[in-house]
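Visitor: One-letter residues, chain by chain:
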Amino acid sequence: MSRNYLLSDSIISPIGFSTEENLKAIRNSESALKFQNNSRFFKNGYFAGLINDLIIDERFGEIGNPTDYTKLEKLIILAIQQVLKTHPDLNIAQTGLVISTTKGNIDQLGKTQFPSDRLFLWKMAKIIADFFGFRMKPIVVSNACISGALAIKTANDFIETGKFSNAIVAAGDLVSEFVLSGFQSFQAISPEPCRPFSKDRQGVSLGEAAAAVLIGPDTSNSVDKIEYIDAITANDANHISGPSRTGEGLYQSISRLLQQNKVEASQINYLSAHGTATIYNDEMEAIAFHRAGLENVPVNSFKGYYGHTLGTSALIESILTKHSLLDNELFASHNFTESGTSKDLNVIENHQGKDLKIALKTASGFGGCNLAMLLKKESL
Amino acid sequence: MSEELFITKSVIIRDSKIIKNGKPFFKADPDASLSEFLKTIYKEEHLKYPKFFKMDSLSKLVYLGVELLTEGNIPDKKTALVFANSVSSLETDEAYAGTMGEFPSPSLFVYTLPNIMLGEISIRHQLKSENIFLISEEFDPTIYLDYTKALFQQKKTDNVLCGWVNLHNNEYDVFLWQIARSGRTDFNEEELKKLYLPTHE
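Heads up: the sequence lines are chains B and P, in that order. Numbering of the first sequence is given in my numbering, commencing with residue -6 and proceeding in unit increments. Numbering of the second sequence is given in my numbering, commencing with residue 586 and proceeding in unit increments.
If you are wondering where the hints come from, they were derived from the structure by calculation, not from laboratory data. Any given hint could turn out to be false.
[Stated by the list, open to error] With a straight-line Cα cutoff of 27 Å, these simulated DSS-like cross-link-like pairs (lysine-lysine) come out: (1) Lys255/B with Lys741/P; (2) Lys594/P with Lys255/B; (3) Lys740/P with Lys350/B; (4) Lys741/P with Lys218/B; (5) Lys255/B with Lys633/P; (6) Lys633/P with Lys662/P; (7) Lys602/P with Lys130/B; (8) Lys741/P with Lys370/B; (9) Lys778/P with Lys116/B.
[As the list claims (entries may be wrong)] One side only, chain P facing chain B, incomplete, derived with CB under 7 Å: (10) Ile659; (11) Ser673; (12) Pro691; (13) Gly704; (14) Ser721; (15) Glu722; (16) Pro726; (17) Asp731; (18) Thr733; (19) Leu780.
Computed from a prediction, not measured in an experiment: that's the story for all the values here. Every residue, glycine too, gets a C-beta built ideally from N, C-alpha and C.
Start from the sequences, fold in the hints, and give me the full structure.
Guide: Right, dumping it as structure tokens:
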């Protein structure tokens, strides 16, 4: 069986319009989360990571007409464009496109600037696929907040079954009034930038971003490459909107993954958690990680840098995990103050160098879904 | 090497009718509203599941479909769920958006993700299993075939419950089926299309 790798990637976010720019911002401890005052649902403002429309249009103007595409379409197209630019030899006829999004163009609901069928996620995917001339029908994964990583798994599996020879996995979601008001109705939004795993955490901050990565066999002569080992999902079977108190689904996904791939918890060098900074989510993750014997593994959440970018989050975090492995570099869990879960974790407090070989990425979401994925550095 | 897989059971809920394993099973008043139709099935099947009344219509359709398909029993708790539709949760998105003017409704907002129905099935049948929700323009057998084949090949599961579940502007289309290593109907594109659009009604 051929192995698949995480090849070129791109992150388009408030802190950078390429993976390089994003890594640089993280190294400088910059965060996308800024005070915003543009929502009628937050009389006193709120914190979120937003991307300026003017900057998007300026960048997009180099490759297309900004008025033909929605904000989210432009962001995802920009991300894919960057990946394709580094692979000019890619055979687009045999390359799959897997798109992860939770809400797509939901900001266009009730508006008339674009035809109403743009609300359909498959239509948005088709617009993006047609921009580049992908020949195969795009696949859309919409499975709440695990979608970004589940899209990587889907791409890998479809390459394995022979549907694609390789695939671009792209993700995008916006901070819309729809999503802001919904999270606010749950009283889940933090009054300050979110603080994952901290004692003083008060809820999520939302962020918008797009990302893309090429998945497939690696035929290059690179010294180090990041191999996709496997991913497993498991449902909590407990509650549709609240995390399981025992971390059951997350624990199941991790333990099955390690068992099936014959990896011991002690072999994992780095854990990229979901860490939304709600009281219950972070507590659930801490319990699941303890049950899986991961309490000493260096762990972070990237939500302090980006906020929760929904369908993009697990893809961005997988891309950053890939770069952590390649560069032997652990990034601080931004905004962390002091341990705030009933079971202690080894939260990364400062950027640091460390030899890394195997990383575990996890994500959880509404609907009780959980995912665990193993990435491994192969060195020649 | 790909192993042989089979469709063991199927259910269709469409046009006020239920078709079970290719045969007409139930026919309701075609003039009844969707909510009346859903309640009728619930009563006819003698179901007792109070959570049903909290669900949005899309989840109600799926819940009922799965009860009909499995006769209320999924013995293999590792049965994977592979679902798709074309309109995501747009019906409930629009209903939620209607509440945004005054008091955004948390109980509607929670149903504005299509995979919530997978959570509902998992809770009802205590499945702590593989889940995925995909979106495609129309019913596309190939995505189920590929995703399911990979789950079996990778030894992630022994049983899969698949679904194509659409609801928009009160028009609904539910097609559920189960996949296993033994059975009578081959799990392939042709058989799926035949089951999805039966010609002998």
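Visitor: Run through the hints listed earlier and report the numbers of any the structure violates, in increasing order.
Guide: 2, 5, 7, 10, 16, 18, 19
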